[in-house]
Amino acid sequence: MLTGGKKGLSLFDAASELKKQKIDVAVLFPNSFRAGLLAWMGGCKRSIGFNRYFRKWLLTDSLESPCDAKGDFIPSPVIDSYNQLAMVAGAPNPGYEMQLFTSTVEEEMAEQVWRFASFKDKPEVICLNPGAAFGASKLWPAEHFATLARELIRLRGAGILVMCGPKESDLALRITSLIGHPSARCLAEPGMPDLSLGLSKACIKKCQLLVTTDSGPRHFAAAFNKPVVSLFGPTHIEWTDTYHKKEINLQKKLPCGPCQKRVCPLEHQCMKELMPLDVLSAGIRLLDQQLESARFLRSVG
1 MLTGGKKGLS LFDAASELKK QKIDVAVLFP NSFRAGLLAW MGGCKRSIGF NRYFRKWLLT
61 DSLESPCDAK GDFIPSPVID SYNQLAMVAG APNPGYEMQL FTSTVEEEMA EQVWRFASFK
121 DKPEVICLNP GAAFGASKLW PAEHFATLAR ELIRLRGAGI LVMCGPKESD LALRITSLIG
181 HPSARCLAEP GMPDLSLGLS KACIKKCQLL VTTDSGPRHF AAAFNKPVVS LFGPTHIEWT
241 DTYHKKEINL QKKLPCGPCQ KRVCPLEHQC MKELMPLDVL SAGIRLLDQQ LESARFLRSV
301 G
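Residues 1 to 301 in our numbering are what the sequence shown lists, from first letter to last.
In short, the hints are calculated from the structure, not lab data. Glycine residues also receive a C-beta, built at the ideal position from the N, C-alpha and C atoms. Warning: the hint list may mix true and false statements.
[Claimed, not checked] Across the chosen pairs, the derived CB separations fall in these ranges:
1. GLY43 x ALA294: 27 to 37 Å
2. GLY95 x ILE237: 12 to 22 Å
3. PRO30 x ARG295: 56 to 66 Å
4. TYR243 x CYS67: 56 to 66 Å
5. LYS45 x GLN290: 20 to 30 Å
6. PRO92 x PRO141: 38 to 48 Å
7. LYS45 x PRO141: 48 to 58 Å
8. LYS45 x MET87: 17 to 27 Å
9. PRO92 x LYS70: 31 to 41 Å
[Claimed, not checked] Here are the simulated lysine-lysine pairs, BS3-like style, with alpha carbons at most 25 Å apart:
10. LYS272 x LYS261
11. LYS206 x LYS167
12. LYS245 x LYS261
13. LYS22 x LYS45
14. LYS245 x LYS205
15. LYS56 x LYS22
16. LYS70 x LYS253
17. LYS272 x LYS167
Please construct the entire structure, taking both the sequences and the accompanying hints into account.
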């Protein structure tokens, strides 16, 4: 592993370090020209990557991305690309099943959340993840999250946990305030365990459903085999498809999208027009499927 403080190593310093290591095979998951140049300058005997950004001449094993008749790249799942790279490097097909683990400490923190929020008696606990580090264009309106949560409480008697990282605390607290119900709690509340990635993982592992923007916690749900409703706006669903059987992806088809922009230059209609009723319907469908599956397993067990 190459390290160089917060700013990282310069290209030349990183290449020098690679030369010292005498690397046999470099598998380039980033598609950037810089990644290809680094492997070439670092003297890697074999460099495997996709032919993007005019870097084919830097690679010993150049893979082609799917393109249309005009030569434009066709959005396709990154997981397929990564699996292809791994197989060219000599690994067996990794498949689509993901694994993610939680520590005993993280699971105990999630237990603390459930006790603090009085979720023990709730038939279902539903996690809402409203944040998105990518940019404001991925955010679903706070009012929509609140409407969804109130309906889930009314129809299912569910407990609602609004999740967040340190930079999203204000948004999460605002949504919880808009919900205005004691069954809705927020990880940013005083008295909750300190915010951490491990806490988020453990809470998703423990819940019955996740409703999330197109952000990291969405993939936690897939790894833990949890039902998840994912809300897409400016980004292509195809790029990040996980093939998770318990996921429903929702997106409004608009002439302006998917634009891949971090900040919407228009009226943010792709997220505003994604209505709470549509998300509610998808969530209930997944919850009911889980209940039916559990009943079946009990009947044959």
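A quick look at each hint next to the structure:
At roughly 56 Å, the beta carbons of GLY43 and ALA294 sit outside the given window of 27 to 37 Å. At about 20 Å, the beta-carbon gap between GLY95 and ILE237 stays in the expected band of 12 to 22 Å. Judged by the Cβ atoms, the range 56 to 66 Å given for PRO30 and ARG295 is violated: they are separated by roughly 46 Å. At roughly 22 Å, the beta-carbon separation of TYR243 and CYS67 lies outside the given 56 to 66 Å, and the hint is violated.
With their beta carbons about 49 Å apart, LYS45 and GLN290 fall outside the hinted range of 20 to 30 Å. Against the hinted window of 38 to 48 Å, the Cβ-Cβ separation of PRO92 and PRO141 comes to about 44 Å, which satisfies the hint. Checked against the hint of 48 to 58 Å, the C-beta distance between LYS45 and PRO141 comes to roughly 52 Å, which is consistent with it. LYS45 and MET87 have their C-beta atoms about 19 Å apart, which keeps the hinted 17 to 27 Å range intact.
Roughly 35 Å separates the CB atoms of PRO92 and LYS70, a value that falls within the hinted 31 to 41 Å. Taking the CA atoms of LYS272 and LYS261, the gap is near 16 Å; set against the 25 Å cutoff, the hint holds. A threshold of 25 Å between alpha carbons decides the hint, and for LYS206 with LYS167 the separation of about 23 Å falls inside it, so the pair holds. The hinted pair formed by LYS245 and LYS261 fails the criterion: a straight-line CA distance of about 28 Å is larger than 25 Å.
Annotation: proposed proximity of LYS22 to LYS45 holds, straight-line Cα distance about 8 Å (limit 25 Å). For the proposed pair LYS245 and LYS205, the alpha carbon gap of about 16 Å is at most 25 Å, so the pair holds. The hinted pair formed by LYS56 and LYS22 meets the criterion: a straight-line CA distance of about 22 Å does not exceed 25 Å. Using a Cα cut-off of 25 Å, the hinted pair LYS70 and LYS253 holds, with the two alpha carbons roughly 22 Å apart.
A distance of roughly 22 Å separates the Cα atoms of LYS272 and LYS167; the hinted pair therefore holds under the 25 Å criterion.
The earlier numbered hints that this structure contradicts are 1, 3, 4, 5 and 12.
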